[in-house]
Amino acid sequence: MGALTVTACGSRNHDKGGSGSAASGTTVVIGVDAPLTGDLSALGLGIKNSVDLAIKTANSTNEVPGVKFEIEALDDTGKPAPGQQNATQLVADKKVLGIVGPLNSSVAQSMQQIFNDANLAEISPANTGVALTQGEKWASGTKVRPFKSYFRTATTDAVQGPFAARYLYNDAKKSKVFLIDDQKTYGAGLAATFKGEFTKLGGTIVGEEHVNPDDRDFSAIVTKVKSSGADAVYYGGEYPAAGPLSLQLKNAGIAVPLMGGDGMQSAEYIKLNPKSQGDLATAVGLSVGKLPSAAKFVAGYAAAGYKDPYETYGGYSYDSAWAIIQGVKAVAAANNGKLPDDARAKVVDAVQKVSFNGVTGKVSFDEYGDTTNKQLTVYKVDGGKWAVETSGTFTD
Amino acid sequence: MHELPQQLANGLILGALYGLVAIGYTMVYGIVQLINFAHGEIFMVGGFGALTAYLALPGGTTLWLAIPLMLLAGILVSTLVAVAAERFAYRPLRGAPRLAPLITAIGLSIVLQQLVFSFYPNAKKARVFPRIPGDPLQILGTTIQRSDLFLIAAAPICMLILGWFVTRTRSGRAMQATSQDPDTAKLMGIDTDRIIVMAFAIGAAFAAVAAVAYGLRTGQVDFRMGFILGLKAFTAAVLGGIGNIYGAMVGGIVLGLAEGLATAYIQHLPGMHLFGGGAWKDVWAFVLLIVVLLVRPQGLLGERVADRA
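Keeping their order, the protein sequence lines are chains A and B.
In terms of UniProt numbering, the first sequence has 249 at position 249, counting the first letter as 1, and numbering is strictly consecutive.
In terms of UniProt numbering, the second sequence has 98 at position 98, counting the first letter as 1, and numbering is strictly consecutive.
Treat the hints as calculated values from the structure; they're not laboratory data.
A hint or two may mislead.
As the list claims (entries may be wrong) - Cβ-to-Cβ under 8 Å is the rule here; a few derived chain B residues that face chain A:
(1) D193
(2) T218
(3) G219
(4) E259
(5) H273
(6) G277
(7) K281
(8) V283
To be verified - Selected chain A positions facing chain B (Cβ under 7 Å, derived; list incomplete):
(9) T199
(10) I205
(11) V211
(12) S219
(13) S227
(14) A252
(15) L272
Even glycine gets a Cβ: it sits at the ideal position worked out from N, Cα and C.
Given only the sequences and the hints, what does the whole structure look like? Please build it.
Right, dumping it as structure tokens:
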């Protein structure tokens, strides 16, 4: 960690030179860390492109006078170790004043300390692991924010799992659920919070299973689901395994819906699973396509001609990047339009205070760094598309 | 116990898949004593070869026509890659210490993965593989997916052909001779280089059949699919007795059954409820391997020299 402190000092020197030369022409880099290759790349590329769009918008409207934003996107392939390397690389680049990412909660765990030591603001559009903002003991009621530089525009598993449980029990009238998770931070957290709420409502968990995220053959588990008599399956995990799992369930003649979280709500899921009709997924916020505030984002994304769709987290990524831009703007405004020596630490404080109407609704952060937006939507696969089933605001 | 027949069927089908890939490990080991760790990737490129053939066919081609063509393309690609690997990566190291070709194999495996990853269109994420449409079949109280019919038919046919080839044909007998004593075989006028190439080619062809079966079964192929399956197949080969072709298939099936049964039943044993379920299936598969190797170090069927090919 000593080396990181040194790089933080280095950035101070550089910024002095930059701000001393001229008010105009300062370059601020927003780092992106997401899986840009590998089986989660559909989600990761959506994040990268959406951040790129936010940066282009800020540059073209001269959002922060005298500051030109640039993107530096690094690939973590969805794994903690490359994510950690990327974090050190981004910290070393003195022009980086904020990070958008990562996609995976397990990757975030490996990066938080590094960014925190460097006082570098990190906003994840997708992490839902509760402990990331509320500490390991959140479940027992002791909420302690471990890292003050970490924020997220996504809601947590503590909201998403129970929201799904209420939908299945109250709206879909399912009382016997088979629970499967992939043992990753995200999947296991989702499954655990789902289970707590579902049993509290009076539903029964008729079976529990764990898979490996790389498994593609689920025949043994499918057989257990069949004999358990479940009327729905809840899966904590992501689409690369959820797709074949649901397909193999249906191929075995089990005509019950598979429900999951936002890691499943990808167009790839439907592509990988021709029998996905009726499957359900929750996602944070309201449908990006339906929000009036999102129309501009959707149109801008289409006009920019990105090869990959913005996917589940596009709106949140845009808002994350915009929150950093707003943070930089506030820091510059408080310092006569120039970026101060300790811009990184000041941006962290400024991001904590941002409040604006973004793509996904109002963007602001609570005392843990969590989004104050607790709106969720249940999506259902209908005719080869994720269609909005119902939306609501989560209350404890 | 009402799910037992289904779990047995699952295990048999999965095991047949492992067995088909295991043949490649066992044949190459039997002849050149090399553990070809790139074999999982030979399997993977076979899957992509078959996918390419499918994409090249005009839309709406019936699967009755498409599957044989995909199979041909998969076998062609796998075999070419395996033969090229033998010629350019392994043959120059024939006289080198054992460790050198082993490391080469691991390197080759990474190269093949990265080549597909970098140059096959859209292979950075899983590619959708065609499936056999239709409802599952109900046979003897078990549910069998339509897509698994291909594997159920292909695995025994492949084994019969291989058994006939090794014991009845001139080349097959030459292969047995080479595996027993390469030097003497050479003195008897057998072109051992040709035999070695043949072993690689046959293993690759089997891997391609398995890759088509895997694609049909899971509905997708991706550049990493050979890694885990390759490891499992290698385990199956060792379990059955490496170097023995029937052992490879037996080892595969035992491994498949062990995984299915461990997932279903271990947690119902008293005191074992924490160690059951899908998360532990690989652990139990390897426990079985260790136990078998402790009791029978030569594997289930052993290295019966006469059958070694």
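Identify every previously stated hint that the structure contradicts and give their numbers, smallest first.
1, 5, 8, 9, 10
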